[in-house]
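Undergrad: These protein sequence lines are chains A and B, in that order.
Going by my numbering, the first sequence opens with residue 224, and the numbers climb by one from there.
Going by my numbering, the second sequence opens with residue 6, and the numbers climb by one from there.
None of these hints come from the bench; they were simulated from the model.
Warning: the hint list may mix true and false statements.
[Said to hold, decoys possible] Only pairs whose alpha carbons sit at most 20 Å apart, straight line, appear in this in silico DMTMM-like list of lysine to aspartate or glutamate:
id	chain 1	residue 1	chain 2	residue 2
1	A	K361	B	D61
2	A	K330	A	D398
3	A	K447	B	E114
4	A	K447	B	D79
5	A	K447	B	E99
[What the hints assert, rightly or not] Distance ranges between label pairs, derived from CB positions:
id	chain 1	residue 1	chain 2	residue 2	range
6	B	T139	A	Y255	44 to 52 Å
7	B	A173	A	V238	42 to 50 Å
8	B	S335	A	D424	38 to 46 Å
9	B	E140	A	D424	19 to 27 Å
10	B	G316	A	V238	54 to 62 Å
11	B	S26	A	R523	52 to 60 Å
This one's a predicted model, so the numbers in the text were calculated from it and none came from an experiment.
Just so you know, even glycine gets a beta-carbon here, dropped at the ideal spot from N, CA and C.
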Amino acid sequence: MAEIRQYKGIKHYLVIIVLISITVIMMIPLFYIVNTSFRPWAEIKSYPPKLVYEPSIGSYIRVFTARTVYPSGTTPSDEELAAMTWYEQIVYKDTNEEVVRRGDFPKRYANSLLISITTTLLTVILGTIAAYGFSRFKVRGEGNLLFFILSTRMLPPVIVVIPVFLMYRTVGLNDSYIGLILLYTAFNVSFAVWVLKGFIDEIPREYEEAAMVDGYTRWETFRKVVLPQSVTGIAATAVFVFIFSWNEYAFAFLLTRNTAQTVPAWLPYQMGVLGYDWGAAAAGSVLFLIPAMILTILLRKHLVRGISFGAIRK
Amino acid sequence: MAELKLNGVTKKFNGITALDSLELEVENGEFFVLLGPTGAGKTTTLRLIAGLEKADEGDIILGGDVINSLNPADRDVAMVFQYYTLYPHMTVKENLAFPLKSRRRNFSEAEIEEMVLKAAKTLKIESKLERKPTELSGGEMQRVGIGRAIVRNPRIFLMDEPLSNLDAKLRESMRSELARLHIDMGETFIYVTHDQVEAMTMADRIGVLNEGRLMQIGTPDQIYNKPANTFVATFVGSPQINLIEAEVEGNELNLRSLQQKISMNAAQNKVLKEKGITKILYGIRPEEISVVTAKGRNCCSGSVKFKQSMGAEDILNLNIGTGSMKAIVSPQLGIKEGDEVILNVEADRSHLFDLETGDAIR
Numbered sequence: 224m225a226e227i228r229q230y231k232g233i234k235h236y237l238v239i240i241v242l243i244s245i246t247v248i249m250m251i252p253l254f255y256i257v258n259t260s261f262r263p264w265a266e267i268k269s270y271p272p273k274l275v276y277e278p279s280i281g282s283y284i285r286v287f288t289a290r291t292v293y294p295s296g297t298t299p300s301d302e303e304l305a306a307m308t309w310y311e312q313i314v315y316k317d318t319n320e321e322v323v324r325r326g327d328f329p330k331r332y333a334n335s336l337l338i339s340i341t342t343t344l345l346t347v348i349l350g351t352i353a354a355y356g357f358s359r360f361k362v363r364g365e366g367n368l369l370f371f372i373l374s375t376r377m378l379p380p381v382i383v384v385i386p387v388f389l390m391y392r393t394v395g396l397n398d399s400y401i402g403l404i405l406l407y408t409a410f411n412v413s414f415a416v417w418v419l420k421g422f423i424d425e426i427p428r429e430y431e432e433a434a435m436v437d438g439y440t441r442w443e444t445f446r447k448v449v450l451p452q453s454v455t456g457i458a459a460t461a462v463f464v465f466i467f468s469w470n471e472y473a474f475a476f477l478l479t480r481n482t483a484q485t486v487p488a489w490l491p492y493q494m495g496v497l498g499y500d501w502g503a504a505a506a507g508s509v510l511f512l513i514p515a516m517i518l519t520i521l522l523r524k525h526l527v528r529g530i531s532f533g534a535i536r537k
Numbered sequence: 006m007a008e009l010k011l012n013g014v015t016k017k018f019n020g021i022t023a024l025d026s027l028e029l030e031v032e033n034g035e036f037f038v039l040l041g042p043t044g045a046g047k048t049t050t051l052r053l054i055a056g057l058e059k060a061d062e063g064d065i066i067l068g069g070d071v072i073n074s075l076n077p078a079d080r081d082v083a084m085v086f087q088y089y090t091l092y093p094h095m096t097v098k099e100n101l102a103f104p105l106k107s108r109r110r111n112f113s114e115a116e117i118e119e120m121v122l123k124a125a126k127t128l129k130i131e132s133k134l135e136r137k138p139t140e141l142s143g144g145e146m147q148r149v150g151i152g153r154a155i156v157r158n159p160r161i162f163l164m165d166e167p168l169s170n171l172d173a174k175l176r177e178s179m180r181s182e183l184a185r186l187h188i189d190m191g192e193t194f195i196y197v198t199h200d201q202v203e204a205m206t207m208a209d210r211i212g213v214l215n216e217g218r219l220m221q222i223g224t225p226d227q228i229y230n231k232p233a234n235t236f237v238a239t240f241v242g243s244p245q246i247n248l249i250e251a252e253v254e255g256n257e258l259n260l261r262s263l264q265q266k267i268s269m270n271a272a273q274n275k276v277l278k279e280k281g282i283t284k285i286l287y288g289i290r291p292e293e294i295s296v297v298t299a300k301g302r303n304c305c306s307g308s309v310k311f312k313q314s315m316g317a318e319d320i321l322n323l324n325i326g327t328g329s330m331k332a333i334v335s336p337q338l339g340i341k342e343g344d345e346v347i348l349n350v351e352a353d354r355s356h357l358f359d360l361e362t363g364d365a366i367r
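Pulled out of the complex, with its shape left as it was, chain B reads as follows (with noise of 0.2 Å):
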């Protein structure tokens, strides 16, 4: 049975579109990762599921009861925010054991002190108990805010982007962290993120958001493998996928400004004669391309224009035609600035796009 689902649910603020009827539906159990930009809606949908803001439109849904209209309060979901917001005048101990106090939960004076001391056990903050937020730092605050989150037994976990403020070595290690919690508790999670690493490596599934509306819903793999459209497709990887217009030309692909005739699948050749398409936009990611060194039948040559080393991999940009493209290839092959490289892409590995709408040709 799904634990939560979003029917049709649209939110407006003074007149502008938020969320345009989302339909979502997450399962028992699942780690589902709402991934988009600034303004896309996922901090919207968030804060509709948890009664912080009211639907204009559409059902919200939780293990089977519609909620729209129950407070805050009244719904047992527990959310971490992005800015932490512990209470400050309160100590880390009475901030955990604040959501056990509600009149609404009849816990003992004992039961909440377990209860406390299992989530800071958890969550390793037991030596903070003390403490007043003012006194811990950020990830140590981050930590007491998923601990007022995991202390009750609440339907559903809803974190609103909680790694964003912490420093990038902070974030992994909070990252792993909390990919264990989520397994050890096998509770539902709604995580919200910007951050495709955060998403490819925690979720097991995403929703990408674009703009109040849902791109695709997928396995990180299937997002990432099998993008929907370009948004998806640019949005998810770094550095960001090559897209070139091109036109069909019987059993090729003409990459114009490439200057370049790359040959399709058998899959990818049929579909477009079906659907009598001509102009498409040809997408390959960066990693897809190789370097080999005689010319194949699927091969561009071009030159380095300049170079990005990360230590790992370099990032070519090249300039092919009059066009450019970018590559991640292994430092070991020692290409510099300014060689002339031939290139090697999989029709297999390609995706390709409608020029107009930008949805995969599948």
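If we strip away everything but chain A, and leave its shape as in the complex, we get (with noise of 0.2 Å):
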């Protein structure tokens, strides 16, 4: 803010508008998906676009249930109409469509939690772990080491996943938790390796050496001091990490068909009899933002100081 003060002027106002239009470019796909997501059935792909239209939920139902389409010259009694529910009585008005059970997107959501949280816990107790070794003991080889470990950033991991397909199908992790939670964690410890590495670097080691000279082992020492005076730099890898597994979507569509499918590998099957639903992949697509959005405005602090680490010098 203070920077910011300091302009005078046209200058100032300059900045603002500046400021203010690259903010709007880059929410636009936002205020797209969440438009798209509250537009009615038969707005969505109405041309010209309304802009002006009546809000609908009704894409949020759909993504959550499974439907079909009564036969043509059918409709439901009076009574049947009576007997339905607000949310399958919304679904019939849009679509003409009856509920038939609870949709899929409940579980692909679970997934994407469970495999997305398991592996930032492991990639983060691991990282910490091998970045602290790495930082404060000699380690044999350790620049090839460190250069092995980043080396398996270098390729998009897009490109190894033929043969990660050919080996799980041989080991019977295809489809399953462990494999994709394996998998992230293994493409992901590398980056969580070195970020930490230079945090755990600027911790003089002067503090490890009070402490275990006041009585603690290593291992306590870890625990107590060096670990509280990382946090920052473990929240920006957990943030980063979190996100690369829950966008993640090659390995989870290629890996993935059912049991540990997750949400990104779901959404773009929203094809109905009625034809594509681009309603209830926005809607879901909406959902799907919000954890990574919750986790990032609760960790931003953390976020700014981790991106710019080894930035600033005591």
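Put the complex together from the two separate chains, hints included.
TA: Quick look at the structure:
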């Protein structure tokens, strides 16, 4: 804020205009997806699109349900209509469909949460311990090992998608939680080690030495002195790892069918009898955005520090 | 019984010898200062005692037990570090309680509370207990650092230049506070410093280290008045001792560069004759030189090249013959730059060193 206030007159307003424009441009896709998710069925594909419409939560109901279309000419009787729940009525009015069961979305969502949270925990635990080791001990061939770890990030993961698929099929890890968790952890640990090593390098060793002289073992020292001081790095790493696992599409698409399918792999299959359901896809996307948003907002202080780590020295 | 004993302790870092078969004994309740320039091995010695480094050779014996292979946590020593090392995520109180909460010590919450308060009171930081280290001044931080050491009852206190990051005035007051603390507690302190004033003012005994070797151990008086070699003689004392090459001629020393001959005392004469030494380094501290009016037997005359006024005393840089010397005189004498002066040195106050080895000739 202090820097911004220093701008005077026209320069000040120019900065504000530029910032607003950037924000607007960045927000357009988000606005578009939220907007689509609330459009009634009839409005989604209308051309030219209407700017003003009556918002509907039909798309959100559709993403949570599986439906069939009433055969042409048949309509539910008044009694049947009266017996319908509120959401069944909305579906019927929107698309002339009957809700047959709950949809797969909640399960896919739970899969995404389970896989992402487990991956994040595993990665952060392994990454912190490995980073501490590299930072504090003489590791034989440290340079080579660190380069080897980094080299796993040099190719886009998609390159190895086929070999991984074949390996997973052989060992029976296809469409399993453990399969995706292992894979995501393996991809992210390298990143975590590098980021966290930077953070731990910045914590003076004297703290640990003081604690050891004060009567603590190295492990206790790690827990009571190093960990609390690496919270920022751990939080930043956790957000990045979570978002990676949460968003990952290529592997999830190829390696999961049903049991362990995550939201990104499931979301594109919103094809119904009535054509592709853009509304449901948009509604699913909006709901899918929420955890990543919450996490990022909660940890934003650490994130800014985390992204610029190493830039500020004591 | 010696509280701490180092037996031929050697430590190398990447083939470079940091400590060369160090022999050291520190008595129970002693304030022992390790003095030496940067890189002398003082901090290494302390870290070896604390267990933060492992000795390559030799034994470290604490209270009769060989502690070479013990972890730092099991040695029951306390250490105060140069850079305070207060845990930034803990308050002052938590910092002080930290050593007491170790699982090795079984203190109840109430005992911890009491011990923390006692240490805080001793160091006058009771009012800062709830603060975080970042909210403290340098002096307060180091008080907490010292507090973390005295809060428990260790076998020995190790202090690694604890005052070197403080400003001059604070350093002085902390010096006397530490000395008082030592007297009150009666515990064994090993204190590392490169500051001769700290060493001279606080120590019961001083060990002077240079390049990993122990140059001399002695009381401040012995270190100052009976330096074992030219290193100790030049390292302690400010301005530095005057060292002048001299040749033995009969009962006199010929200080060639000063174009002066001065007489020796009987003891000096005897030892030089016995050992058959003809070339020596003649040492005289600037404060042992006095300005006299009449030329006596042990005199040199010279001119004042320039004068540094220190307030309580003046340091004269003198040209004598083709050489030079420094002398400390009282400002009341009113000596100005360019003045011709006559100087007297007492043979009893002079030091003779071997020209080759630098060792004192006694």
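Undergrad: If a hint holds in the structure, say so; if it doesn't, say that too.
TA: Right, here's what the structure says about each hint:
| no. | hint | verdict |
| --- | --- | --- |
| 1 | A:K361 - B:D61 | holds (17 Å) |
| 2 | A:K330 - A:D398 | holds (14 Å) |
| 3 | A:K447 - B:E114 | holds (18 Å) |
| 4 | A:K447 - B:D79 | holds (18 Å) |
| 5 | A:K447 - B:E99 | holds (12 Å) |
| 6 | B:T139 - A:Y255: 44 to 52 Å | holds (46 Å) |
| 7 | B:A173 - A:V238: 42 to 50 Å | holds (47 Å) |
| 8 | B:S335 - A:D424: 38 to 46 Å | violated (56 Å) |
| 9 | B:E140 - A:D424: 19 to 27 Å | holds (26 Å) |
| 10 | B:G316 - A:V238: 54 to 62 Å | holds (57 Å) |
| 11 | B:S26 - A:R523: 52 to 60 Å | holds (58 Å) |
When held up to the earlier numbered hints, the structure conflicts with hint 8 and nothing else.
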